[in-house]
Amino acid sequence: MSANDTAKARDVSYDVLVSAHQPENVSLRGYVIGFIASIILTLSAYLLTRHGGMSKGVLVVLLSGLAFSQFIVQLIYFLHIGKEFAPRLKLMMLAFMLTVVIILVGGSLWIMNNLSHRMNMPSVQQMTNYMKSQDNL
Amino acid sequence: MSGAAYFASFWLGKLSLKALPPSAIQWFGASLMILVPLGIALLLSVTHRWKWLYHEWLTTLDPKKIGVMYIIVALAMLLRGGADVALIKTQQALSAGSNAGILSASHFQQIVTAHGTIMIFFVAMGLMFGLINLLVPLQIGARDVAFPFLNATSFWLFFGGMVLVNISLILGDFAATGWLAYPPLSELHFSPTVGVDYWIWSLEIAGIGSLLAAINFLVTILKMRVKGMNFMKMPMFVWSVLGSMLLVAFAFPILTVTLTLLALDRDIGTHFFTATGGGNMMMYVNLIWAWGHPEVYILILPAFGVFSEVVSTFARKRLFGYPSMVWAIAAIVLLSFIVWLHHFFTMGAGSDVNAFFGIMTMVIAVPTGVKIFNWLFTLYRGRIRMASPLLWFIGFVVIFTIGGMAGVLMAVPPVDFQLHNSLFLVAHFHMMIVGGVVFADFAAITYWFPKIFGFKLNEKLGRLAFWLWLIGFLLSFVPLYILGFMGATRRLNHYSASLGWQQLFIVSAVGAAIIGMAVGVQILQFAVSIYQRKANRDKTGDPWDGRSLEWSTPSPVPFYSFAKTPQVSTRDAFWEAKKQKQTSTPQPYEDIVLTKNSPLALVIAGGALIFAFAVVWHIWWLAIVGLLIVIATIILRSMDEHTEYILSASEVERLDRAYLKAGGLSK
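Protein chains in written order, with my numbering: chain A, 1 to 137; chain B, 1 to 667.
Bear in mind the hints are in silico, worked out from the structure with no lab data behind them.
Check before you lean on any hint, since a few could be wrong.
To be verified - Now the stretches of chain B that chain A is said to cover, found in silico as 3 or more residues with beta-carbon under 8 Å:
hint, region
1, 282-292
2, 337-350
3, 598-608
As the list claims (entries may be wrong) - In silico DSS-like links for lysine-lysine, alpha-carbon gap of 30 Å or less:
hint, chain 1, residue 1, chain 2, residue 2
4, B, K227, A, K90
5, A, K132, B, K14
6, B, K233, B, K317
7, A, K90, B, K317
8, B, K233, B, K579
All C-beta atoms, glycine included, are put in the ideal place defined by N, C-alpha and C.
Given only the sequences and the hints, what does the whole structure look like? Please build it.
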């Protein structure tokens, strides 16, 4: 039997159903601020890399800073961390997320640096030249 | 470029008549992909069932029906992946020495890639999400999932990914790179055809579908449990799904991003994973396994959940060591993020890195071992009924333990250096995924079939299928362990006759043929059971003497699931209610809020499919059209304020009484 066949089914207005459990601290303004901030942070990362003309070390620090800022922006404006009553469950979720991020980012850095070191990885230019000489790339 | 050529490349991208299949076997595959949908369409037209299909299935937002559709698609794809096996095994059994076998090298590699991709993403994931849709809301006493429309969208995105993989049989080719498409082989320079693009975009669509489904079920489990069911009273299947969905939510974004980076490399000339221009192909391997290892546990955790339910029901005993089971799941969820390097011990990292990940890999075997012992202790001194779901469990314990020990062996980096990329590894992960996940799914289908369809499956044929599966499986994969030790590598399409491997490959092919017979018996089992459905009808709603809430509903489950909100105060709520004979204090019927059907989920996935197909073939105008369809439909749906309706209490009462009368339920 289908839901559609049920004769006595009737429409419910959206307001009646949803207004009761609409969180108050979630506003359009917050989403817009978060969206614009994310775009600015992403664009500035791109522009710095493309046209910044700074040394590699400085760039890495700056880009990490921008990435971290975007992380915070998204937590605050999209996931509303810190705005609402936080039971232990949400805290655990946040802790788990941070753990996973740290494991993956830290682990990847550790693995790839270790690999470069052990394999005596050539510079970008050396590698490109080598590949070109090997395979007409 | 001449005007006509420019015109064609604008409207058709890279698509041309050259995209049609080159060989006879490929033509056969392509015709099947055209004839099967045509046949289904013809059948629907002859029986005048198009409207029925549209109203009852295509537009439904009911998780029970979505679950059934997931399982149907997954079983169909099991046949497609099985056809791939037939070709692979035939090739390997024949292709020694001067005999080149039946397939060209490139076609063989495409088939192996398609087999892996389809079996993981469209069979194992499909069966898993199907079961989750069917069971999670029922087991937590909810009438629906948290976001019903999102749920349908997830399913249709999964379906769209499946369609895209199968289109590659008709137009163009599929990736010949292995199921994870490592660069540099998967980069444009070495794979210039559309094969890798098909692979990327079908997984992008299906992967986003999985991610959305995971968020949906996380919220459903966290927020929609019936009153009284706190975390430590949830059925074990729900716990395992919670763990699995957490993993999906954290791991699938990595897959999406990695595939996007590879697509950027191929389509707009970036250098994320190329050796030239500063890219690093090992970063791809690192990232794809940061997703890939959790993926293994995403598949196996719900399988553990299924067996927990099956074992306690058929031992008529409560699950042994419930808290330790929960903690084992939690440990697996965390540890599965700390072992990914064991997939590439050989890439050249130092012994400190390899030793760390080797030890973590051995550690993760501990919580898995805890679970195995808990199930065995549940059976110990239970009142055991040896029905076929329990047979699948016993087969699972044998195969999974053998495969698991092989896995722990390979966790030792020096051993892995010998076995890496060999058939030993292939035997290991098939034992885990077939012996673990697929056996669990068969157990689950047998066990919950009467709940969904209202009649039991034929037990005799079910047992026969199990024994054929078990024998065929061992015959097929034990030789691969031996071949792996002898040095046979994976994706091997030809070998020297002097190696003495051919006999073992033939034994393996015979095993695969027996599995083929087992699948035949399973199809027969469905047919016979449907034919005899009146005799096997489940009138009680509780055919196995079950323990959790889904068995308190009539079979098949009505569309509103629970006429009255179930009451829960203990673990194994339904079992306790039966034991105390207090069939709940009489409760009044209440109005029930339900979700209306909507065709828009199908439209969103259709737009995504058009987008993906267009990007594969570089038909940019069509890609924009597809994307616009997706965005416009999402906006349209967001504007719809009337997505739900109320089923009045009196109507619920009428329907419920009719069900009780028909089923002979005495409640």
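What hints, given by number in increasing order, does this structure fail? Of the numbered hints, 3, 7 do not hold.
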